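Using the hints, position chain B against chain A.
Each protein sequence line maps, in turn, to chains A and B. For the first sequence, position 70 matches number 70 in my numbering, and the numbering has no gaps at all. Add 262 to a position in the second sequence, counting from 1, and you land on the number used in my numbering.
The set of hints was computed from the structure by calculation and includes no laboratory data. Mixed in with the good hints there might be a few duds.
Lysine-lysine pairs mimicking BS3-like chemistry, simulated, CA-CA at most 27 Å apart [said to hold, decoys possible]:
{"#": "1", "chain 1": "A", "residue 1": "Lys66", "chain 2": "B", "residue 2": "Lys507"}
{"#": "2", "chain 1": "A", "residue 1": "Lys131", "chain 2": "A", "residue 2": "Lys66"}
{"#": "3", "chain 1": "B", "residue 1": "Lys275", "chain 2": "A", "residue 2": "Lys131"}
Computed from the model, here is a short list of chain B residues facing chain A with C-beta under 10 Å [to be verified]:
{"#": "4", "residue": "Ile268"}
{"#": "5", "residue": "Asp341"}
{"#": "6", "residue": "Gly345"}
{"#": "7", "residue": "Phe346"}
{"#": "8", "residue": "Lys348"}
{"#": "9", "residue": "Pro354"}
Partial list, derived from the structure: chain B residues whose beta carbon lies under 10 Å from chain A [as the list claims (entries may be wrong)]:
{"#": "10", "residue": "Lys275"}
{"#": "11", "residue": "Glu349"}
{"#": "12", "residue": "Thr350"}
{"#": "13", "residue": "Ala353"}
Keep in mind the model is a prediction, meaning the values are calculated, not measured. Yeah, the Cβ is synthetic: ideal placement off N, Cα and C, and Gly gets one too.
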Amino acid sequence: MIHVENLVKTFGEVTAVNGVSFDVHAGEIFAFLGPNGAGKTTTIQMLTTLVRPDSGQIAIDGLDPKVQPHDVRRRFGIVFQDPSLDSELTAYENMELHGVLYHVPRRTRHERIERLLTIFELWERRDAYVKTFSGGMRRRLEIARGLLHTPRILFLDEPTLGLDPQSRNQLWTQVKHLNESEGVTVFLTTHYMDEADRVAHRIAIIDHGRIVAQGSSAELKAQTNTDSLEAAFLALTGSTIRDERADAADQMRQMVKMWRGR
Amino acid sequence: MSAIYILWLRELKRYSRSRAQVVASLGQPLLYLLVLGFGLGPVFQKAGKGSYLQFVAPGVIGMSVLFTSIFSGIGLLWDRQFGFLKETLVAPVPRLQIMVGRTLGGASVAMIQGLLILVVCVIAGFRPWSVMQLPVGVAVMALIAIVFSALGTAIGSTLQNMQGFQLVMNFLVMPIFFLSGALFPLDGLPPALSVVTRLDPLTYGIDGLRGTLIGLTHFGLATDVGVLAVVATAFLGLGAYSFSKIQV
Chain A
1 MIHVENLVKT FGEVTAVNGV SFDVHAGEIF AFLGPNGAGK TTTIQMLTTL VRPDSGQIAI
61 DGLDPKVQPH DVRRRFGIVF QDPSLDSELT AYENMELHGV LYHVPRRTRH ERIERLLTIF
121 ELWERRDAYV KTFSGGMRRR LEIARGLLHT PRILFLDEPT LGLDPQSRNQ LWTQVKHLNE
181 SEGVTVFLTT HYMDEADRVA HRIAIIDHGR IVAQGSSAEL KAQTNTDSLE AAFLALTGST
241 IRDERADAAD QMRQMVKMWR GR
Chain B
263 MSAIYILWLR ELKRYSRSRA QVVASLGQPL LYLLVLGFGL GPVFQKAGKG SYLQFVAPGV
323 IGMSVLFTSI FSGIGLLWDR QFGFLKETLV APVPRLQIMV GRTLGGASVA MIQGLLILVV
383 CVIAGFRPWS VMQLPVGVAV MALIAIVFSA LGTAIGSTLQ NMQGFQLVMN FLVMPIFFLS
443 GALFPLDGLP PALSVVTRLD PLTYGIDGLR GTLIGLTHFG LATDVGVLAV VATAFLGLGA
503 YSFSKIQV
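Here chain A stands alone, though its shape is the one from the complex:
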């Protein structure tokens, strides 16, 4: 379903993704794990046509995002790391806007919105403004929205960031349910190892822009001689803390960028 070979992306002097290769099979839940700044989000951005790779091959359901970006976009749904709802619109209006942008025919649009909002327990609140929603409700709405156009693949970039354990539990239950009932392939990133352990069929671990290990949770534990995924993760990526941000020179560049454009 997703085929990636030797993917490379550099920003200035920083190589964010450095020769990454992996395959995700149809119907699978695939977890993509790594410390901050390891290259997870950049990889997702390249898979979802938002960033162009410097080199390497990508095939999404057999299509190349560089050549057929619109066809690729129709085949996946995405929940970004940070929110992307319009909070001045209602839940239903957010869904409807998405449906129109993704060419979901009017007849099926309403049914599908009702079904998804019901699954994610938001149907009762469909006419409430999104600005009145809790963090967990917003996330559920985003996932429901990402699934509206019946994509083959769902990308979830740290969907449970900042949610309480109840919301996280509910969210993963619903994602697993949709994976089983609709056969949608799920590609997720998370910092919570227990979540990856619970839902993912296979896991890849990325560090410093390279894949350091991949396999099922059991295989990773066996490979590192550890008894939890968290311990395996630390054994593979080390226990030093990564800083993502930003020295004075970075901020200068930001200012320049602001006025000169990219």
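Okay, now just chain B, sitting in the frame of chain A:
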């Protein structure tokens, strides 16, 4: 086409739901209209130019169309900040349609705002000289709205964050307003100022509004509409280009 429609509708929905802001946004034009209209009225009268309220009302209408349309374009920055922009950028829709939908939405909102101010002006004592010319005046408003929504979209696509906003306000929007002849007549200006006012697209918008609302024009309505149409085309092109270059 449906993408253009739904994004246009979004702008109108957001506008109609922010009633407090709508009322607040009437405040500044009202201040200009009443304080300047009645405050400078006697001086203007003595200079033999007639009623200043009549003169300044089209300027105040143009001002509110300018502000509303340019800020709705810059609203892109908010969409970037709150993330909604990404939702539209990964959609399987050409960027041009997204840009056009947003820009027309912003322009429509600015026109509604301009009409509201026109009503307020009439309540304050302003009298359009000819009812027949009113629709033409509304068309001029539409042109002004499109020119500056497109410019706002271009700026909103280029700025990366909110800090640039103040700069745009002080070094672009305010000069456009003050140099447009919204508050003073264009004849008998010092040569340098006269040249600068001719470079400001809003000058032609205000002049067109005066021509249609009070029957007083400096350049002639045909010139005004021609210049506005050319600038609108150029800014739409610029907006579309900048929007197509946005990276998340």
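Each hint, compared with the structure:
no., hint, result
1, A:Lys66 with B:Lys507, "16 Å, holds"
2, A:Lys131 with A:Lys66, "36 Å, violated"
3, B:Lys275 with A:Lys131, "15 Å, holds"
4, Ile268, "4 Å, holds"
5, Asp341, "8 Å, holds"
6, Gly345, "4 Å, holds"
7, Phe346, "5 Å, holds"
8, Lys348, "5 Å, holds"
9, Pro354, "4 Å, holds"
10, Lys275, "7 Å, holds"
11, Glu349, "5 Å, holds"
12, Thr350, "7 Å, holds"
13, Ala353, "4 Å, holds"
In this structure, only the earlier hint numbered 2 is contradicted, and the remaining ones agree with it.
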